[in-house]
Amino acid sequence: MRNLIAVPVIILSVIMQSSIVSRVTLLSGIADLPLVMLAAWALQDDVETAWHWAVATGALVGFVSGISWLVPLVSYLFVVGLAQMLQQRVWRAPLLAMFTVTFLGTIGLSICSLVVLRFAGVSLPVPDIFGLLTLPGILLNMLLAIPVFAVMRDLARWVHPVPEVE
Amino acid sequence: MALALGGYFSSGSNVFTTSLITVQSWFSSRFVALQDFLTAPRDIASLRQRNSELEGEVSELQAQVIQLQQQAGLTETLAALVDFAQARPENRYEAAAVIGRDPSPFLQYVIINRGSNSGILRGMPVVTNQGLVGRVDAVIADAARIQLITDPASNVNVRLQNAEVDASLVGSLTGDVTLQLVPQDISVQPGDLVLTSGLGGGYPPDLIVGQVVNVRTRDFDLFQQASVQPVVDFTRLQIVLVIVNFKPVDISPLIPAP
Numbered sequence: 000m001r002n003l004i005a006v007p008v009i010i011l012s013v014i015m016q017s018s019i020v021s022r023v024t025l026l027s028g029i030a031d032l033p034l035v036m037l038a039a040w041a042l043q044d045d046v047e048t049a050w051h052w053a054v055a056t057g058a059l060v061g062f063v064s065g066i067s068w069l070v071p072l073v074s075y076l077f078v079v080g081l082a083q084m085l086q087q088r089v090w091r092a093p094l095l096a097m098f099t100v101t102f103l104g105t106i107g108l109s110i111c112s113l114v115v116l117r118f119a120g121v122s123l124p125v126p127d128i129f130g131l132l133t134l135p136g137i138l139l140n141m142l143l144a145i146p147v148f149a150v151m152r153d154l155a156r157w158v159h160p161v162p163e164v165e
Numbered sequence: 000m001a002l003a004l005g006g007y008f009s010s011g012s013n014v015f016t017t018s019l020i021t022v023q024s025w026f027s028s029r030f031v032a033l034q035d036f037l038t039a040p041r042d043i044a045s046l047r048q049r050n051s052e053l054e055g056e057v058s059e060l061q062a063q064v065i066q067l068q069q070q071a072g073l074t075e076t077l078a079a080l081v082d083f084a085q086a087r088p089e090n091r092y093e094a095a096a097v098i099g100r101d102p103s104p105f106l107q108y109v110i111i112n113r114g115s116n117s118g119i120l121r122g123m124p125v126v127t128n129q130g131l132v133g134r135v136d137a138v139i140a141d142a143a144r145i146q147l148i149t150d151p152a153s154n155v156n157v158r159l160q161n162a163e164v165d166a167s168l169v170g171s172l173t174g175d176v177t178l179q180l181v182p183q184d185i186s187v188q189p190g191d192l193v194l195t196s197g198l199g200g201g202y203p204p205d206l207i208v209g210q211v212v213n214v215r216t217r218d219f220d221l222f223q224q225a226s227v228q229p230v231v232d233f234t235r236l237q238i239v240l241v242i243v244n245f246k247p248v249d250i251s252p253l254i255p256a257p
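Protein chains in written order, with numbering that gives the first Met the number 0: chain A, 0 to 165; chain Z, 0 to 257.
Hints are supplied without guarantee of correctness; some may be wrong.
Claimed, not checked - Some residues of chain Z that are not near chain A, with every Cβ distance over 12 Å (derived):
{"no.": "1", "residue": "F26"}
{"no.": "2", "residue": "F36"}
{"no.": "3", "residue": "L194"}
{"no.": "4", "residue": "P204"}
{"no.": "5", "residue": "V212"}
Said to hold, decoys possible - Taking CB as the label site, the calculated pair distances span:
{"no.": "6", "chain 1": "A", "residue 1": "P7", "chain 2": "Z", "residue 2": "L221", "range": "53 to 59 Å"}
{"no.": "7", "chain 1": "A", "residue 1": "V6", "chain 2": "Z", "residue 2": "N112", "range": "29 to 35 Å"}
{"no.": "8", "chain 1": "A", "residue 1": "P146", "chain 2": "Z", "residue 2": "T234", "range": "43 to 49 Å"}
{"no.": "9", "chain 1": "Z", "residue 1": "L221", "chain 2": "A", "residue 2": "A149", "range": "54 to 60 Å"}
{"no.": "10", "chain 1": "Z", "residue 1": "D42", "chain 2": "A", "residue 2": "I19", "range": "21 to 27 Å"}
{"no.": "11", "chain 1": "A", "residue 1": "Q87", "chain 2": "Z", "residue 2": "N116", "range": "22 to 28 Å"}
{"no.": "12", "chain 1": "Z", "residue 1": "A71", "chain 2": "A", "residue 2": "I19", "range": "23 to 29 Å"}
{"no.": "13", "chain 1": "Z", "residue 1": "G72", "chain 2": "A", "residue 2": "L25", "range": "49 to 55 Å"}
Hint data in this document are derived by calculation from the structure and do not stem from the laboratory.
The structure displayed is predicted, hence computed values, not measured ones.
Think of the CB as a built atom: it goes at the ideal place given N, C-alpha and C, for glycine as much as any other residue.
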């Protein structure tokens, strides 16, 4: 039942992204709160619903955004896949994994956006995208990563409480 | 009595009264000091209470001032929009507040709080009292998404007021807009006003878009390019007007496929 917390959390993150986060720009780049939130959620122990969160968040962002729904959906699934791979197999340092997923996820989102916009007939200069959107976006996402990770860790502990050892 | 009236005791009485006043002053000052000492704690407590009350009132008043300043700013914006609408009685407008921006940094879209329930349809032009903002890209019941003219995929047919020549205005990643397809033989000067031409049926004619900032002319290019400063400040968009009686013409079926 506690898994239903996903609904308000996802909606709130998309609302905050649209109304607040996307107004705070560095050059032309902005942070991606849903992406950072998904990365943090997928890196938590005992979390098994990260894929559902990714689909729901991708669908909602795709609904709000003017870009094709494929971009957020594919990017967020990539972020969750990457996070789970790092969390389960390689990394045991959660913050380092968080930064890695945020970094690669932001780059993945940029590449995905670029490809889809190219197919839609919008020609964008790659150096400008990298310098004005992707790099500032990575920096802003890194700044968001630590507080979001802390919040999602508390949320994960609430959703999946650790049984007390007697 | 006779001696006193004669002034023989004046020096003695002066000495007496001066001593008396000195003693009384000493007693009086000590009493006041003692009184202050005894009553001061009560006064400090009451003063502190009064001070906190006044600080509370100041905070409330400051909040009211900020609220009134915001309302005054909003009223000014609305008054300007009403003036703009009254100056163009041929159009019908629906005012809407900007409630969000596109989550993707690749696109320049805003979200408004009016939708199909208010008669807004896809393709309708959006303006402010300053000039052209963009057009409606998608609509739901109570919200709509507006593609700004600064969007990389935006393309507005415009004309230069002074030169009377048609051109195309395109957006970019950074929000800058560029005038393209200006013939080489046309003289374009910084400061020239850019207006919508109405060609293509996407926007009504003669809406102010911006001013030419600088011109780039190269001999080997077919056309000139010019940077345009939009008249609308897109970073501070709060309220916009949707022209609800404008029906955009879809000319895409007439464009031959490549």
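Against the structure, the hints come out as follows:
Residue-level check passed: F26/Z sits 68 Å from the nearest beta carbon of chain A, beyond 12 Å. Every C-beta of chain A lies more than 12 Å from that of F36/Z, the closest at about 53 Å, which supports listing it as non-interface. At roughly 25 Å, the least C-beta separation between L194/Z and chain A is larger than 12 Å, which holds for a residue marked as non-interface. P204/Z, annotated as away from the interface, keeps every beta carbon of chain A farther than 12 Å; the closest lies near 26 Å.
At roughly 19 Å, the least C-beta separation between V212/Z and chain A is larger than 12 Å, which holds for a residue marked as non-interface. Checking the proposed 53 to 59 Å range against P7/A and L221/Z shows it holds: the Cβ atoms sit about 55 Å from each other. For the pair V6/A and N112/Z, the supplied restraint of 29 to 35 Å is violated, since their beta-carbon distance comes to about 22 Å. A beta carbon spacing of about 26 Å between P146/A and T234/Z contradicts the range 43 to 49 Å that was offered as a hint.
Distance hint check: the CB atoms of L221/Z and A149/A are about 57 Å apart, consistent with the given range 54 to 60 Å. The beta-carbon spacing between D42/Z and I19/A, approximately 48 Å, falls outside the hinted interval of 21 to 27 Å. Q87/A and N116/Z have their C-beta atoms about 48 Å apart, which leaves the hinted 22 to 28 Å range violated. The hinted range of 23 to 29 Å is satisfied by A71/Z and I19/A, whose Cβ atoms lie roughly 24 Å apart.
In this structure, G72/Z and L25/A break the distance hint of 49 to 55 Å, their C-beta atoms being roughly 27 Å apart.
The structure is inconsistent with the numbered hints 7, 8, 10, 11 and 13, although it conforms to all the rest.
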